[in-house]
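Asker: Sequence:
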Amino acid sequence: MDRELEMSERIMDVVSSWKRSKKKKDRKVAFVYKCKLFSKAQETSYSRQEWKVAFVTAAWHVLHGLYPLSEEHAFQLAAIQLQANHGLKDDNFYITGVMNAEVENYIPYTYLRKYRPEEAESKVLKLHTAHKHLDKPDAYRKYLELLRKEASPQYFGNCFFRAVRVSRLKKTKSQEQDDLVLGISENGVIFVDPYNNKIIEKYKMEEILTYGFRSNAFLFVAGTLMTQKKYQFATMLVNISLILYMLSLLLICLLFIVYNINTMCYYNEPHNRVSKSMIC
Numbered sequence: 001m002d003r004e005l006e007m008s009e010r011i012m013d014v015v016s017s018w019k020r021s022k023k024k025k026d027r028k029v030a031f032v033y034k035c036k037l038f039s040k041a042q043e044t045s046y047s048r049q050e051w052k053v054a055f056v057t058a059a060w061h062v063l064h065g066l067y068p069l070s071e072e073h074a075f076q077l078a079a080i081q082l083q084a085n086h087g088l089k090d091d092n093f094y095i096t097g098v099m100n101a102e103v104e105n106y107i108p109y110t111y112l113r114k115y116r117p118e119e120a121e122s123k124v125l126k127l128h129t130a131h132k133h134l135d136k137p138d139a140y141r142k143y144l145e146l147l148r149k150e151a152s153p154q155y156f157g158n159c160f161f162r163a164v165r166v167s168r169l170k171k172t173k174s175q176e177q178d179d180l181v182l183g184i185s186e187n188g189v190i191f192v193d194p195y196n197n198k199i200i201e202k203y204k205m206e207e208i209l210t211y212g213f214r215s216n217a218f219l220f221v222a223g224t225l226m227t228q229k230k231y232q233f234a235t236m237l238v239n240i241s242l243i244l245y246m247l248s249l250l251l252i253c254l255l256f257i258v259y260n261i262n263t264m265c266y267y268n269e270p271h272n273r274v275s276k277s278m279i280c
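The sequence shown runs contiguously to residue 280 in UniProt numbering.
A portion of the hints provided could be inaccurate.
Unchecked claim - Below, computed lysine to aspartate or glutamate pairings styled on EDC-like, alpha-carbon distance capped at 16 Å: (1) 123 to 102; (2) 136 to 50; (3) 126 to 71.
No lab work stands behind these hints, which were simulated from the structure alone.
Work the whole structure out from these sequences, hints included.
Answerer: Set out below in structure tokens:
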């Protein structure tokens, strides 16, 4: 189970609290550094370490089943991950045994049951040949690109939160269930069924009309001015201000991008450097 640190919490204080705890000492607890937000517009300015954190975050989500994948894409991602972990090596490096019996760190658990470790490794190594020329940063980018464009485009980049939908009205549709996982990304908001990972409903960022919050809940209105719908959620598992911050940041980014596209069109058209149709 993941628990996000509050802004007021310091890492060393959390570690110290673990050491003082009287609970069982056989718990495996670790810090996992993750991206709060994946933004394609910001990737051009990523440093090597930022690419690595983005890659590690995505790989973590893949392995733990947050991104539904086909078997083909799961093994393709594992092959790229192998290259991203080790980088450019001699030809005799990527041979049987290179994964050091750690296949579970490469293949999502849903497909681990179908193959013996040595079979899974052999399948990964065959696919890896196409990526052996990549250095680590290029492998990071390749991994994220495959997720965004092909493997899991609707789920990639989402920050997921468990929430319970609150409504005073009776359900009008069977899919309007109460227990949900909300995914928030630069593309918008998705409602995910926590039991089968299927998307129940989704809204683009420009369809989020307004939002509000209180100490233990938040709400937003989505749709169009003519057909808008209000959603209210109760949650004690996440920092509400983070959700609102992400939503507002994404809305600002969207407006900024639209403004810049319009500005580019305005200034480039008279000089005829780039045609308006190419930019817009």
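Asker: For every hint, state whether the structure bears it out.
Answerer: The hints, checked one at a time:
Among the hinted pairs, residue 123 with residue 102 is consistent with the structure: their alpha-carbon atoms are about 14 Å apart, no more than 16 Å. For the suggested pair residue 136 and residue 50, the alpha carbons sit about 12 Å apart, so the restraint of at most 16 Å is met. This hinted pair checks out: residue 126 and residue 71 have alpha carbons roughly 15 Å apart, not beyond 16 Å.
Of the numbered hints given earlier, the model fails none.
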